[in-house]
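Single-letter residue listing:
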Amino acid sequence: MFSNILKLGWKNISRNKKRTFFTVLAITVGITMLIFASSYIEGMMNSATEIAKRMRTGHVRIMTSEYSRLERVMPKEELVLNSEELSGRIGEVRGVELVSQMVKFSALLSKNELNEPGVVMGVDPEIVKVHMGLSEMIISGKYLSRKKKEVIIGKLFAEKMGIKAGDELLLVTTDINYSTYALPFNVSGIFETGYTYMDKHLAFIPIEFAREILDCGNSSHEILVYLKDQEKAAGAASSIDKIVESGRFGESLDILTWQEDEIIGQLMPMAKKVWQSILGIILMIVALVILNTMLMIVMERYQEIGVLKALGLKSKEIFFMIVAEALYIGALGSFSGVIIGSGLSAWLEKTGINFAEMMGKEMWESFDIPLALYGNIIYPDLTTAIVIKSFLFGLFIAILAVLYPAWKSSKMLPAEAFRAKLKV
Amino acid sequence: MKRLLLFIIIVILLVFQMATEEANEPFEILNRIDSNMTFKNAYVEMDMVINIKKRKIKKVMRSWSEGNSRSFIEFLSPARDKGTKILKTGKIIKIYYPSAERVMRLSGHMLRQSMMGSDMSYEDMTERSKELKEDYTGKMQMDEILDGQKCYVLTLTSKKKKQTYFKRKMWVDKEKYIGLKEELYSKSGKLVKVSKVIEIKLFKNRYYPVEMTMEDKLRKNSSTRIVIKKIDFNIDIPDEMFTERMLLK
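Chains W and A supply the protein sequences, listed in that same order.
Heads up: the first sequence begins at 25 in our numbering, then just goes up one per residue.
Heads up: the second sequence begins at 46 in our numbering, then just goes up one per residue.
Here chain W stands alone, though its shape is the one from the complex (with noise of 0.2 Å):
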């Protein structure tokens, strides 16, 4: 018997080809926006967190809480003393892969009558090679080597200067005992990462340059700590922990994963929410588009209820059969959604959405902003949970609409059905 409903709606949904078409067009169009602004979201997400991590939080970093609190102004004297040894002692943690000490200052970048303030990064060149990939960053000139007194320095700054790869640039700062000192650094090449605020106002320089800029012996501002697995950084935190304890390494230190760090810990979840509510306005549209369209292959066709009433089929059928229906169009929608938003998808994941260009050169480049952690091409990110939510939503949506429509019709007598227009 149940086979027979089945089948009858399978037969009733092909029946009328236009009207199936366009109802299963309908819940395609919705299923595909919302599988491409579920994985876009999830991509910008996923991005920004990888791009703190590699550039900012590492998997564990380690400052003292007052550089920590007092970031944004760069506290010169808030170091982590004998940060070499502490490297080497951390190096030898089990799960560590990378230990990258950081010296970071505000200073004046010079050359001839032009000056501008920027943030120096005394680094590794090597090792900053690994985790921020700068090395492939380079439009013009070449990556930093160590122990030269060679300085990278990012697109838009080099423009605002007209610095080219070989000039010479003189960098000149307040050291930890407020004395001031310069040295003049040899421009090797120009990075651009695409994000605003690095290529506006960073310079790289071997840390070793850093140090004598800012007369702080072997110490450093920031260590960060890159893992095998980042899933054990409060691990590795609690071994890194020990070796401070032991240590002659400063006062009060912060260690910190990456999941504590502000940012990836406050800044972003907050952010998800918000994309998560403009998702939840697509949701509402796709779901009002997709009711509106079952609701009206149920109500325009009351009569023919009614005619299949009298020719003796129950309530219970008749209900069924209107849900079975919807079954098919939902599934038949929702399918070809998700073939055809996880297709665009996953063309976009590899190809990117690049905003510079979208929106002009011009107004990306004066999104100007310290921490910005989008940069100027967004990979959408396709994944299985994605795919399977929007197929089920697609579905449940076509049956919830006709759920009220069914059992009302079920219930009608057929003399009731024939006289019924368009109305519920």
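Simulated from the structure, these hints should not be mistaken for lab results.
One or more hints might be untrue.
[Stated by the list, open to error] Partial list, derived from the structure: chain A residues whose beta carbon lies under 7 Å from chain W: (1) V105; (2) D126; (3) G128; (4) I137; (5) K139; (6) K241; (7) I243; (8) I245.
[Said to hold, decoys possible] Below, in silico cross-link-like pairs of lysine-lysine (DSS-like), each with a Cα-Cα straight-line distance of 30 Å or less: (9) A/K136 to W/K188; (10) W/K41 to W/K413; (11) A/K139 to W/K184; (12) W/K172 to A/K85; (13) W/K31 to W/K413; (14) A/K127 to W/K135; (15) A/K265 to A/K85; (16) W/K173 to W/K77; (17) W/K413 to W/K77; (18) W/K184 to A/K207; (19) W/K173 to W/K153; (20) W/K184 to A/K136.
Glycine is no exception: its CB is placed at the ideal position from the N, C-alpha and C atoms.
Please build the complex by placing chain A on the supplied structure of chain W, with the hints as guidance.
Only chain A this time, still in chain W's reference frame:
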């Protein structure tokens, strides 16, 4: 006889009134401050003590200045500052860094940056012989007593639109005509700096502050004290002093 007495009294009163009126006039007060503070040229040896975050950093320097337009400052200590030289000609400042063996040129708003980590800006340090009466119009306020010293209180407003310290409030020593305390405001009315004079000395024909402090109100917990160890006014300074060649020497 009575008439004569009355006449004399009237004359005395008039003279007295004129004298007090004259002294009360803001322009005249500024004029008298300027005659103390400005000079044709001067050689100064001084210590600069920066107090910041419970630390004390002392720097020793000497300077040659010609009026308000040209000056040359050389740092003698500490070791990392030794040999740093600052040359100001007109509105341009050139700084020589011995560590880099390079000269950096500063102009425009950069002149308002902190000099060598102190609360003074390059402008504050190189324009010490600036005439107030030329740039500002003054207004008298109620007299006040500051640290037991009777003072005129003046508020000055810049005549020019572009002026680092657009408004100033000065407590002027009624006897010596030296600004004992000064509050410096930006154009938006924000208190930028406060300076205080600690010690004044009498030189041949003028009073001059030899110890003073300045606080940059935009920095937290910091002040800078300047102690003048030696000052010679109106000496001969060779023209060569104010050239780039002297920076590199």
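Going down the list of hints, with the structure as the test:
Because the beta carbon of A/V105 sits about 12 Å from the nearest beta carbon in chain W, more than 7 Å, this interface hint is broken. Checking A/D126 against chain W by beta carbon gives a least distance of about 5 Å; that is within 7 Å, so the hint holds. Hint on A/G128 is violated. Least Cβ distance to chain W is approximately 11 Å, over the 7 Å limit. At about 9 Å, the closest approach between the beta carbon of A/I137 and any beta carbon in chain W exceeds 7 Å, and the interface hint on this residue is violated.
Proximity of A/K139 to chain W is violated relative to the hint, the smallest CB-CB distance being about 10 Å (cut-off 7 Å). Given the 7 Å rule on beta carbons, the hint for A/K241 is violated: about 21 Å separates it from the nearest Cβ of chain W. Interface hint status for A/I243: violated, as the beta-carbon distance to the closest one in chain W is roughly 22 Å, over 7 Å. At its closest, the beta carbon of A/I245 sits 28 Å from a beta carbon of chain W; the interface hint therefore is violated under the 7 Å criterion.
For the given pair, A/K136 sits about 29 Å from W/K188 by alpha-carbon distance, which is consistent with the 30 Å threshold. A threshold of 30 Å between alpha carbons decides the hint, and for W/K41 with W/K413 the separation of about 28 Å falls inside it, so the pair holds. Simply put, A/K139 and W/K184 have alpha-carbon atoms about 22 Å apart, close enough for the 30 Å limit, and the pair holds. With a C-alpha separation of about 48 Å, the suggested pairing of W/K172 with A/K85 is violated against the 30 Å cut-off.
Of the supplied pair hints, the one linking W/K31 and W/K413 holds, its CA atoms being roughly 27 Å apart against a limit of 30 Å. The suggested pairing of A/K127 with W/K135 holds, with an alpha-carbon distance near 23 Å, which does not exceed 30 Å. The suggested pairing of A/K265 with A/K85 is violated, with an alpha-carbon distance near 36 Å, which exceeds 30 Å. About 28 Å separates the Cα atoms of W/K173 and W/K77, which keeps this hinted pair within 30 Å; it holds.
Restraint check for W/K413 and W/K77: the C-alpha separation of about 29 Å stays at or below 30 Å, so the hint holds. At roughly 26 Å between alpha-carbon atoms, W/K184 and A/K207 fall within 30 Å of each other, so this suggested pair holds. Distance restraint check for W/K173 and W/K153: the Cα-Cα separation of roughly 17 Å lies within the 30 Å cut-off, and the hinted pair is therefore satisfied. Straight-line distance between C-alpha atoms of W/K184 and A/K136 comes to about 23 Å, which keeps the hinted pair within the 30 Å bound.
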